Amino acid sequence: MSITALYAAGCALLILLLAIRVVQARFRHRVGIGDAGHADLALRVRVHANAVEYVPLALLLILMLELGGAEAYWIHLLGGSLLAARVAHAIGLSTSSGTSPGRFVGTLLTWLVLLVAAILLLIGALMH
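Start counting the sequence shown at 69; every next residue gets the next number (our numbering).
Rather than coming from a laboratory, the hints here were simulated on the basis of the structure. Bear in mind the structure is a predicted one, so any value in this text is a computation, not a measurement. Hints may be right or wrong, so weigh each one.
[Unchecked claim] Here are the in silico distance ranges between beta carbons for each label pair:
hint	residue 1	residue 2	range
1	V173	L81	31 to 39 Å
2	A107	L190	39 to 47 Å
3	V91	L135	31 to 39 Å
4	P169	G100	32 to 40 Å
5	I88	G192	31 to 39 Å
6	A87	A140	15 to 23 Å
Positions of the beta carbon are idealized from the N, C-alpha and C atoms, including for glycine.
Using the sequences provided together with the hints, build the complete structure.
Encoded structure:
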């Protein structure tokens, strides 16, 4: 089993949890599509959507590094950082629609994972 699979599974469980939170709010407010002006539903939709926007690309980059023969510590560092970032972001944004430490750290760490993974892939591609 690949190392990336461990972090993909963790991220999938997080995204599933976030989706369940959206559905709970939809049932509570009896809203099928959109948010019908309910701020808590809109926030839950965005928390879930943000994870879905960033996680697949990050996992793809990490998997490409792993399949390309990157050292296991890079895969664990990037995968663990991604999972921690997404949990921090979800908690931070779920507790406040404005700025929060969790949202800030989660965003910054997610971007850092993408940046480092992309740079490592570029270095690997240019050296072959």
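Tested hints:
no., hint, verdict
1, V173 / L81: 31 to 39 Å, "20 Å, violated"
2, A107 / L190: 39 to 47 Å, "41 Å, holds"
3, V91 / L135: 31 to 39 Å, "35 Å, holds"
4, P169 / G100: 32 to 40 Å, "34 Å, holds"
5, I88 / G192: 31 to 39 Å, "38 Å, holds"
6, A87 / A140: 15 to 23 Å, "31 Å, violated"
When the structure is compared with the earlier hints, violations turn up for hints 1, 6 and for no others.
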